[in-house]
Each structure stands twice: as structure tokens, then as C-alpha cells.
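Trainee: Listed below are the residues making up each chain.
2 protein chains.
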Amino acid sequence: MTERVLILGGGFAGLTVAQGLRGKGFAITLVDQHNYHLFQPLLYQVATGELLGEAITTPLRHLLPSYGVSFRLGNVIEIDLLRCQVHMEDGDVLEYDFLFLALGTVTNFFGNKTISQHALDIKGLEGAETTRSRLILALERASQSKNAEDRREWLHFVVAGGGATGVEFCAALVELLQNLVPNEYPELDFREVQVSLVHGGEALLPGFANNLQKHAATKLRRLGINLLFGTHVKDYDGQTIICDSGPPISARTLIWTAGVAANPSLSSLTVPKGRGGRLLVDHHLRLLDFPEVFVVGDLAIFTGGDACPQVAPFAMQSARYAAKFLCAQSAHKPLIPPFGYHDPGIMTVLGRLDAVCQIPRWHLRWYGLSAWGLWLGLHLYRIIGTGNRLRTLLDWSNDYIRRRTSVQLLRQGRDD
Amino acid sequence: MTERVLILGGGFAGLTVAQGLRGKGFAITLVDQHNYHLFQPLLYQVATGELLGEAITTPLRHLLPSYGVSFRLGNVIEIDLLRCQVHMEDGDVLEYDFLFLALGTVTNFFGNKTISQHALDIKGLEGAETTRSRLILALERASQSKNAEDRREWLHFVVAGGGATGVEFCAALVELLQNLVPNEYPELDFREVQVSLVHGGEALLPGFANNLQKHAATKLRRLGINLLFGTHVKDYDGQTIICDSGPPISARTLIWTAGVAANPSLSSLTVPKGRGGRLLVDHHLRLLDFPEVFVVGDLAIFTGGDACPQVAPFAMQSARYAAKFLCAQSAHKPLIPPFGYHDPGIMTVLGRLDAVCQIPRWHLRWYGLSAWGLWLGLHLYRIIGTGNRLRTLLDWSNDYIRRRTSVQLLRQGRDD
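Note that the protein sequences, when read in sequence, are chains A and B. Residue numbering for the first sequence follows my numbering, beginning at 8 and increasing consecutively. Residue numbering for the second sequence follows my numbering, beginning at 8 and increasing consecutively.
Which chain A residues stay away from chain B? Per the calculated CB distances, all over 12 Å, these: (1) 253; (2) 327; (3) 383.
For the chain B half of the interface with chain A, some residues (derived, Cβ under 8 Å), not all of them: (4) 42; (5) 43; (6) 59; (7) 64; (8) 66; (9) 69; (10) 133; (11) 143; (12) 398; (13) 401; (14) 405; (15) 416; (16) 417.
Heads up, incomplete: computed chain B residues facing chain A, CB under 7 Å, no partners named: (17) 61; (18) 68; (19) 80; (20) 147; (21) 397; (22) 414; (23) 415.
Keep in mind the hints are simulated off the structure, nothing from the lab. All residues carry an ideal CB built from backbone N, CA and C; glycine is no exception.
Pulled out of the complex, with its shape left as it was, chain A reads as follows (with noise of 0.2 Å):
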């Protein structure tokens, strides 16, 4: 009887798994809560309208008929590794001989409440897309204001979290602000628009090798954020932030890129977990106990502790490596050696014409223009499809030649 194989998330991990697959004699379905696939890593362009949310997503049913994988609209809410069963919000039990756990991580805001219903968050389409209306919602509230110090709020713009996401964001609103607001909101005074960036660490850019922290500092600064080190967002309740050092903050927008914790699909599950709620796998990324039961991209995280970053690569490593682990074993061949990942290494983009790069394996470390191009390039060829690709190429034109905003529209949300 043909083996079914069920792969749960359609982002980068899950992807590659269904490609890995195709082609072997499984019968393989992919369920994913969305009905396309996201290429994250420009995410934060949708948020600031650099780009628009088409121009980084494929359907999925694009592409998975072509590979031969069912696609399953819809949202998991338990799975039984006891019974080899997902249950589905619509009542449905989908069954597996065996499972990919793909399913990624979410925006952690460590169970604050208050923050994580007044702060805004960029790590899927529909938050990026709010965002956006958000921040020119608030252009044309202050333009609205007839009272300075509220008008003041409505120009400051706060983000929490000075890792890669926080910092492409930080970097990109600001070229957001300088194009929009002296040229379509004349009424509005630059001097009075403000942007800062709450850190926890002393240190941007965590991972980065030192000089290049600096050098992504010294950047922000220039272009006018007002960097706040050593000190962490405790509560917002919509207009004034509470450090834990430091005087509050008065800001109608906080942009929260702090923290990611395990789908909560899982947290029903039982089996030990790592930090964040990650799974804990062996060396071919099995779940401990449940060897029908893979686990790739950033969920998993190994029992000895090896570095699993969360990243593009680490998810489609170990997703090309679970697939040709399970083909294997179906095919009674000899299991191959255990997974290892191999960091082509790290970038993180400063807004126009300047990037960081650190290529760990060539001991490179660099910055600046060739950096940037090396981003751009990189990232206009791992976006797939393209039409998407034209878009980009479109808006990017828009953006760094003619320095005007692709994208501004306001949609619903508008008047929250």
C-alpha cells in the first residue's frame, strides 16, 4: 500500500520536503493555514511598502500539482502521535504513515497581553499588510492633529527588537518616512518625526561579528534612530511604552520583532520541548520517540544542543535532508550519515546601498555597497516565479531610483 505522507506548513521547510518527495511513490499531502507560500525573509519590505504582499508569495496550488502533492487548506489544532492523526479545525482527521512537522515559529510576546493587542507585528502577510496601513494611518492622524504633543505621538515610531527583523524594519520605515512625509504631507514638519529602536542586548545584530554590530549601528544612528541598548518593552497599552529602565515612552506605534515561539499548534503536544517550545529531534531529525515523525526548519532543535538557527537555509538543509532520510528507509537502503548544517552564512540588509555579510566559511566579514548588491541579488533569485520576480524588480526600481513608495494604501483597520 502506498505510504501516506502528510507535511504540515507550506513555507520553506515544508516546500522542500514535498520536492524532496516528489516522484517516490508516497501519497503526500501538504496542509497549510494559508493558500500560499510566503518567501519571509521581505516580509518587512511589505510592512514599510517597499513591496507589495503578491510580489513574495506563490500559491501553493501553483506549485504542488506539478510535484504531485495534495494541497489542504486550514488550520491544525491537535495532533495524536499516538494514533498517527491531525485533527483539523473544520472537524476533519487527516491520517499519516508519516508526518513532516513544518510548521514554523510565531511572534512570541512572552504572554503580555496588552503588548500583543497594541503592538503590531511583522511576521506573517496579513500583520506586514496591517502594519502598513497602520504607519500611514498615522501619517494622516498626526497630519489631523491640531495639538502638538499628539501630534508628536503619532510621529513616533518604536520598534522592539534589534535582531536582523528589527533592524531591515528600522532602517527601511525610516526611507519610508523621508519619502513620504516631505513630499505628500507638507503639513507635516520632518524634524518632528521620530524613530526608535528598544534592545534588549548591548549589542545589535546578535550572531553578527562585532565590527559589523557596530558599523549597523552607526548606520541606524545616521540615518536618525535613536538607538536604546540593555533594556526591554514591559507593557503598551497604544500610547506610552513601559521599559524596564528608563523613562516611558510616548508612541502610538510599537512594531514588535522581539521574540518567536513554536507554532501553538503543538503546544497541545506532549513530548519534551527546547527553548521557545522547539522540538527536540536526533541527528536525522526525528522526533524523539516518534521516528515516523520528522521535524524540520525552525522547530527543530537538536537534543545535544547543536545549533539549529533559525533561518532559510537551516530549514531547507534539514528539510532536503529528512526527505532523502525517509526515501532511504523506504527504500531499504543503508540510512545515511547524520544531518549536520552547513552555514553559508549570515545577511542583513541597512536600507538603500548597504548591507552586512559574514560568510563564516571563506572568512569573510564585510559591508557597505558590494554587500548590498550581493543582498539584492541573492534575494531577487530566491524569490520564485517570475512574475514575482518582475514585481520586485519593479518596486525595487520604484524605491531605490525614484525613491517613491510602492505601496500606500490604506485598507480595513483604518479607523482602529
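Fit chain B to the given chain A structure using the hints.
Mentor: Same frame as chain A, but now just chain B:
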């Protein structure tokens, strides 16, 4: 003192007034509930995923500052003609010396609450984008369905209204389904897909010549659309459509294009009104008894009964006239002759490679490929901005040449 001009509405009419008054020494503010101008004639293509919403919208702040016009985002809730004041939803009061009413129309459900609750409406950007998501969702639901009757209900799409919008949407919907279902939903049988058009009159496309109406009906039938003439939708609970004649129709999707009514912001105005709540104007487009108030676009209707078609050319001509009239009056020049509408003709596209065209001035009526080519060129020419033209071209090549649907994302509202 500088005279204050208030323009309510940033559609074709409002924007043309703003252009007409630029540099004439007025202090002008344009008010709209959205921050964008919408190219409405292509909105149905947003609903069928042929075009991105962004391709047919232009942020008003891209345009207005260069005209020297201020922009005010917000909802108008009351117009006080006696005090020359406009009350905004947020409590603000705007004052004027001259007022231009260019708020346009909204979908008219003729007071039927259950229809307005369950039917989809493609008159605004949000309605069109929701419709697109709901069409995709219907296919997903059909593919998950385990019951043939239930599946057929999800695969039956009904359009109410056989005017230009209904006809254009119907033809585009069939193409969407032809693109998607066979390629991306291998679990569905395309023969189970059904599109029906319910029309109150005896011929489609009121206003067109008889042979063009017949051609449109033949074309839609050839596309497989089930045409129901001489009947009106009376009720809809989300699953069963009740018409005033014939048996009930089972369908999970009803798209309503069967009527428009004046913008509800005008409901509090106690001036005499015409059909559909439109405002009676003299032949200088001034509101009766209020010579400082001009009515332009879809809202205007002449007291004498002369035709005021609710189309873009009328909106632009009336707006250009009213702006010119006000300039002449303010400069104490002789008043210009009464407004007369020059009908440039009407056209309706019938899917790929076909359209009907009628140019009364030259006694021309024709259909087919050349009409479609004219339609394509004209619409591309009239879209504002190079970026939007390129985006539209890109999406149209996708649709018309590669026969792929450009936009296929399921956004929020997915689970309703």
C-alpha cells in the same frame, strides 16, 4: 480673503475638480474616506484576480500636493448646507465657501438585509478583494467536501445584475475558473462548476444597441454561463437564492451587481432628490437653492430629466464644467453656457479577445477583437501613473497570454 473650497470625494469627479481649480487662488481641501483614487472601470478584474488592487489605485497624496490641494482622510457624516459646514466622523467640522459633492454611489441592496449580509459586492476595493478571496475559498471548500451536493453548491457562482459590471465580471469569472480548476484543483471536476447570471430585464447591457446585447448574450452562453432573464433575486441566506420567478437556486456564492444608490453620507440632506437618492441640479450643476454647492459625477441628476449617465466620462465632464463655472464666477467673468454631456460612447469587455463598442457620434457599433483591442488600449492609457501601467501590463500578460491568474491569495475573511 481666500475662498475655501471643499471637495467631497476623490474619484474621477472629485479629482477632476481639484485639477480644474489648481492655481486659481482657492484654498482647496479634498476629503475622502480612502487615501487613494480608484480606477473603478477595472475593479471587476481585482475581484477575479486578474489585477492587483494596487495596479488600479493611486494614493491621493501622490497627486494632490502638486495641485496645491490639501487632503483630509475621513468619513463625512453630515453636511449642513445652511451653515456651510461638513461634519466628520471623528468630530471635526470643516467649513467651506464652495462645496463640490463628488461622493459617488454605493451598492444598492434595495433594503434587503439578508442579501446585503450574505452577497458579495464589487463596488469598492475592499469588496472586490474580499470577493477574490471568497471565490478561492469556495474552490478550497469544494475540494474538501465529501458530499456531492455540498460540493456543487460551493462550485455554483451566481451573479445578480446583467449591466456592464455583471457581464464583465461573469466573463472574467469563467476565465478564472478555467485557469484554476483544471490545473490547480486536480481533485475537482470542472464539469461540476457552474456560473449563472440573474438579470431583471429581457436583454443584457441596457443602453447598448440590440445586436450588441444579443452578441453579449451569445458570448456568455458560449462561455457556459447560464442566463436567467426577467427575474430578480429576492432573498439569499448564504446557501439558497430565492428569485421572484422560477425555482430556488442552490449556491454558496452570490455576487451582487444589481443596483447603485447615492452615498449614504447624503441621507441626512433634506434637499429634493431624484431616482436612487441622486441630487437635483440646475444646468450649471448647482444644487437647487444652494448656488455655492456643485454636484458632480454619479450623484448629479438634472431637474429637467436630461440623461446623466453614471459613467466616468460624465463624471469628468461634469467636474471640468463645474470647476470652470466657479472660476468664471469668482473672476466676475460672464457665465459660461449650460452644461451638456458629450457622449464619447460606451464599451463592455467580454473576457479575452472580445468586447462590444458603441460610439453614437460616429454611428458606430461593433464587437470582436478590434473592440477588445480598443478597450485594452484605452483602459491602459487612462490608468494613472507609469508604475500602475506596468503593473497592469504585467498582470494582463499573465492572464491573456500565459493564462495564469495573477492574484490568488486568500486573505482574512478566509474562515467566514
